[in-house]
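In this note's numbering, each residue carries its 1-based index in the sequence shown increased by 82.
FYI, nobody ran anything at the bench for these hints, they're computed from the structure. Where hints are given, some of them may not hold.
As the list claims (entries may be wrong) - Beta-carbon label-pair distances, calculated as ranges:
hint: 1; residue 1: LEU184; residue 2: PRO345; range: 36 to 42 Å
hint: 2; residue 1: ALA305; residue 2: PRO259; range: 22 to 28 Å
hint: 3; residue 1: ILE432; residue 2: GLU166; range: 37 to 43 Å
This one's a predicted model, so the numbers in the text were calculated from it and none came from an experiment. Heads up, the beta-carbon is just placed ideally off N, CA and C, and yes, glycines get one too.
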Amino acid sequence: MRETLMRTIDAIARALAGCAALLLAPAFLAQAFLAQAFAAPAFAQVAHAQSPPYPDHPVKIIVPFAAGGPTDVVARLIAQKLSEKFGQQFYIEDIAGAGGNLGTGAAARAPGDGYTILFVSSSLTVNPSLYARMPYDPEKDLAPVTKAAGAPNALFVHPGIPANSVPELVALLKANPGKYTFASPGVGTTPHLASELFKLAFGLDFALAPFSGGGPSIQSVVAGHTPICIQAIPPAMELVRAGKLRALGITAKTRSPALPDVPTFDELGIENQESETMQGVLVPAATPKPIVDLLQAEIARIVRLPDVNEKMLAQGLEPSGMSSAEFAAYIKADIAKWKKVITDAKVPLIGG
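Using the sequences plus the hints, can you model the full thing?
This is the structure:
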């Protein structure tokens, strides 16, 4: 019995010694190192796979204007497709006021977690030079995602105006200083500033009448009260087709699909008059880049879908889908452009 016990103890001791030698062997150490090296990324992949995917709950889209306007329409078109793609609700919250500043300021102050998205118009690039005080800095507080679409402006006249081209209208205005009035959708809109740019370019003398939106301003032109305007195309194109308005020129580099027979200002030899009302997408500045990139790719895909493309073009909107870098450059250039126009035209600051 004693001998058996001693043999067992001796066998265990030899086995332990063998294990110790194995642990100290270079080959074993190399294998252990490799096993640990491969295990670390595998563990990281598992941990990543277990983290919640984006989005894992509803996403708010802020539109800083009243429901039913062009920005709201574009946002709802895209929100529906994003909801279908990700299986989470992308819902609209309209926060109107102060020319878009209230809603845009709210978005700029929101957490940068991807669950607040902002859809804007060109007020984003105009307001910093138009308002004495701003609740946000468009280049510091917001991260550009993409330009979803744009609507170029055009020069429209009442059919009773004796001018069938832009040069003829310029000659008419020069011959009758102070006689005619241009309508605009409101102070600080791109149609208003495009009118100021037009006036500066030719040294013209005409009055400007601001209205509370594109609909009222275009109806005033149709009625002949303020018989000339530079206006975004969407609210005017059906009136042109019906013969109630005459379109003389498009303020873009290329012709508009909505009014393909109307020449651009460039075609007429009138340079540096480009203006549009853009529809852009931004997020709070702290939003992680992978989320910004994901939203950019998806929205660029969505605006090129046949049904979305068709609906946008039917309203005079031209789909875009710029990269985030391209949109950032666009914003910077547009801010500088409108700042110069506001300064040169001596447009009074709002709230100053």
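Checked hints:
Against the hinted window of 36 to 42 Å, the Cβ-Cβ separation of LEU184 and PRO345 comes to about 39 Å, which satisfies the hint. Taken as a hint, the range 22 to 28 Å holds for the pair ALA305 and PRO259, whose Cβ atoms sit roughly 24 Å apart. Between ILE432 and GLU166 the C-beta distance comes to about 40 Å, which sits within the given range of 37 to 43 Å.
Of the numbered hints stated above, none is contradicted by the structure.
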